[in-house]
Amino acid sequence: MRTTARRAAALAALILAPAIAEAGEIVIALPQGMSAQTTRVAYDCGGFGRVEAQYINAPPVALATLALKGEFVVLANVLSGSGARYAGGRYIWWNKGGTSDLYDLTLGEESPPVASCAASP
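Okay, so the sequence shown: first residue is 19 according to my numbering, each after it adds one.
Heads up, a few of these hints could be off.
The calculated SDA-like cross-link candidates involving lysine to any residue, where the alpha carbons are at most 20 angstroms apart (straight line), are [unchecked claim]:
| # | residue 1 | residue 2 |
| --- | --- | --- |
| 1 | LYS114 | VAL132 |
| 2 | LYS114 | ASP62 |
| 3 | LYS87 | GLN72 |
| 4 | LYS114 | GLY101 |
| 5 | LYS87 | TYR109 |
| 6 | LYS87 | GLN55 |
| 7 | LYS87 | TYR73 |
| 8 | LYS114 | GLY64 |
| 9 | LYS87 | ARG58 |
| 10 | LYS87 | GLY106 |
| 11 | LYS114 | GLY88 |
| 12 | LYS87 | ASP119 |
| 13 | LYS87 | TRP112 |
| 14 | LYS87 | VAL59 |
| 15 | LYS87 | THR124 |
| 16 | LYS114 | THR83 |
| 17 | LYS87 | ALA136 |
| 18 | LYS87 | ARG108 |
| 19 | LYS114 | ALA85 |
| 20 | LYS114 | GLN50 |
| 21 | LYS87 | ASP62 |
| 22 | LYS114 | PRO130 |
| 23 | LYS114 | GLN72 |
| 24 | LYS87 | LEU125 |
| 25 | LYS114 | ARG103 |
| 26 | LYS114 | ALA94 |
| 27 | LYS114 | CYS63 |
| 28 | LYS87 | LEU120 |
| 29 | LYS114 | SER98 |
| 30 | LYS87 | SER134 |
| 31 | LYS114 | THR56 |
Beta-carbon label-pair distances, calculated as ranges [unchecked claim]:
| # | residue 1 | residue 2 | range |
| --- | --- | --- | --- |
| 32 | SER100 | GLY42 | 32 to 42 angstroms |
| 33 | ALA136 | PHE90 | 20 to 30 angstroms |
| 34 | SER134 | ALA94 | 15 to 25 angstroms |
| 35 | ASP62 | GLY101 | 14 to 24 angstroms |
| 36 | SER53 | ALA85 | 21 to 31 angstroms |
| 37 | GLN50 | GLU128 | 17 to 27 angstroms |
| 38 | THR117 | ASN75 | 16 to 26 angstroms |
| 39 | SER53 | GLY126 | 38 to 48 angstroms |
| 40 | ALA136 | GLY99 | 17 to 27 angstroms |
If you're looking for bench data, these hints aren't it; they were derived computationally from the structure.
All figures in this text were calculated on a predicted structure; none of them were measured in a lab.
Glycine included, C-beta positions come from ideal geometry on N, C-alpha and C.
Let the hints inform the model, and build the full structure from the sequences given.
Right, dumping it as structure tokens:
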């Protein structure tokens, strides 16, 4: 019985290995007739460093990804009084025109931004 389970696990690993190795992409199917627009923006965040953002808009849905300090974060657009506010994991990314602020919610909801960023040319 144990040998059969080990063989099945080994076979599953061999079959799934190529799929796992190629899993560097997230694909979201859109309903027929919808399309998505993607924009990439690099930000200079002073002492915090550089942040690479990608915005994916498929109204009414808007997503953003951030590459920052060795992390990759996926964020969803949430309610905002002004600008575009995205939330994902422990971060809030608040974009207003060519500037964005990054908040770390583990520091408290009333904490100032950990980075204030300007779009790089």
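These are the hints, each one checked on the structure:
no.: 1; hint: LYS114 <-> VAL132; verdict: holds, 16 angstroms
no.: 2; hint: LYS114 <-> ASP62; verdict: holds, 15 angstroms
no.: 3; hint: LYS87 <-> GLN72; verdict: holds, 16 angstroms
no.: 4; hint: LYS114 <-> GLY101; verdict: holds, 5 angstroms
no.: 5; hint: LYS87 <-> TYR109; verdict: holds, 13 angstroms
no.: 6; hint: LYS87 <-> GLN55; verdict: violated, 26 angstroms
no.: 7; hint: LYS87 <-> TYR73; verdict: holds, 18 angstroms
no.: 8; hint: LYS114 <-> GLY64; verdict: holds, 17 angstroms
no.: 9; hint: LYS87 <-> ARG58; verdict: holds, 17 angstroms
no.: 10; hint: LYS87 <-> GLY106; verdict: holds, 16 angstroms
no.: 11; hint: LYS114 <-> GLY88; verdict: violated, 24 angstroms
no.: 12; hint: LYS87 <-> ASP119; verdict: holds, 15 angstroms
no.: 13; hint: LYS87 <-> TRP112; verdict: holds, 18 angstroms
no.: 14; hint: LYS87 <-> VAL59; verdict: holds, 16 angstroms
no.: 15; hint: LYS87 <-> THR124; verdict: holds, 16 angstroms
no.: 16; hint: LYS114 <-> THR83; verdict: holds, 16 angstroms
no.: 17; hint: LYS87 <-> ALA136; verdict: holds, 17 angstroms
no.: 18; hint: LYS87 <-> ARG108; verdict: holds, 14 angstroms
no.: 19; hint: LYS114 <-> ALA85; verdict: holds, 19 angstroms
no.: 20; hint: LYS114 <-> GLN50; verdict: violated, 31 angstroms
no.: 21; hint: LYS87 <-> ASP62; verdict: holds, 13 angstroms
no.: 22; hint: LYS114 <-> PRO130; verdict: holds, 16 angstroms
no.: 23; hint: LYS114 <-> GLN72; verdict: holds, 15 angstroms
no.: 24; hint: LYS87 <-> LEU125; verdict: holds, 17 angstroms
no.: 25; hint: LYS114 <-> ARG103; verdict: holds, 9 angstroms
no.: 26; hint: LYS114 <-> ALA94; verdict: holds, 16 angstroms
no.: 27; hint: LYS114 <-> CYS63; verdict: holds, 14 angstroms
no.: 28; hint: LYS87 <-> LEU120; verdict: holds, 12 angstroms
no.: 29; hint: LYS114 <-> SER98; verdict: holds, 11 angstroms
no.: 30; hint: LYS87 <-> SER134; verdict: holds, 15 angstroms
no.: 31; hint: LYS114 <-> THR56; verdict: holds, 18 angstroms
no.: 32; hint: SER100 <-> GLY42: 32 to 42 angstroms; verdict: holds, 35 angstroms
no.: 33; hint: ALA136 <-> PHE90: 20 to 30 angstroms; verdict: holds, 22 angstroms
no.: 34; hint: SER134 <-> ALA94: 15 to 25 angstroms; verdict: holds, 22 angstroms
no.: 35; hint: ASP62 <-> GLY101: 14 to 24 angstroms; verdict: holds, 18 angstroms
no.: 36; hint: SER53 <-> ALA85: 21 to 31 angstroms; verdict: holds, 24 angstroms
no.: 37; hint: GLN50 <-> GLU128: 17 to 27 angstroms; verdict: violated, 44 angstroms
no.: 38; hint: THR117 <-> ASN75: 16 to 26 angstroms; verdict: holds, 19 angstroms
no.: 39; hint: SER53 <-> GLY126: 38 to 48 angstroms; verdict: holds, 39 angstroms
no.: 40; hint: ALA136 <-> GLY99: 17 to 27 angstroms; verdict: holds, 21 angstroms
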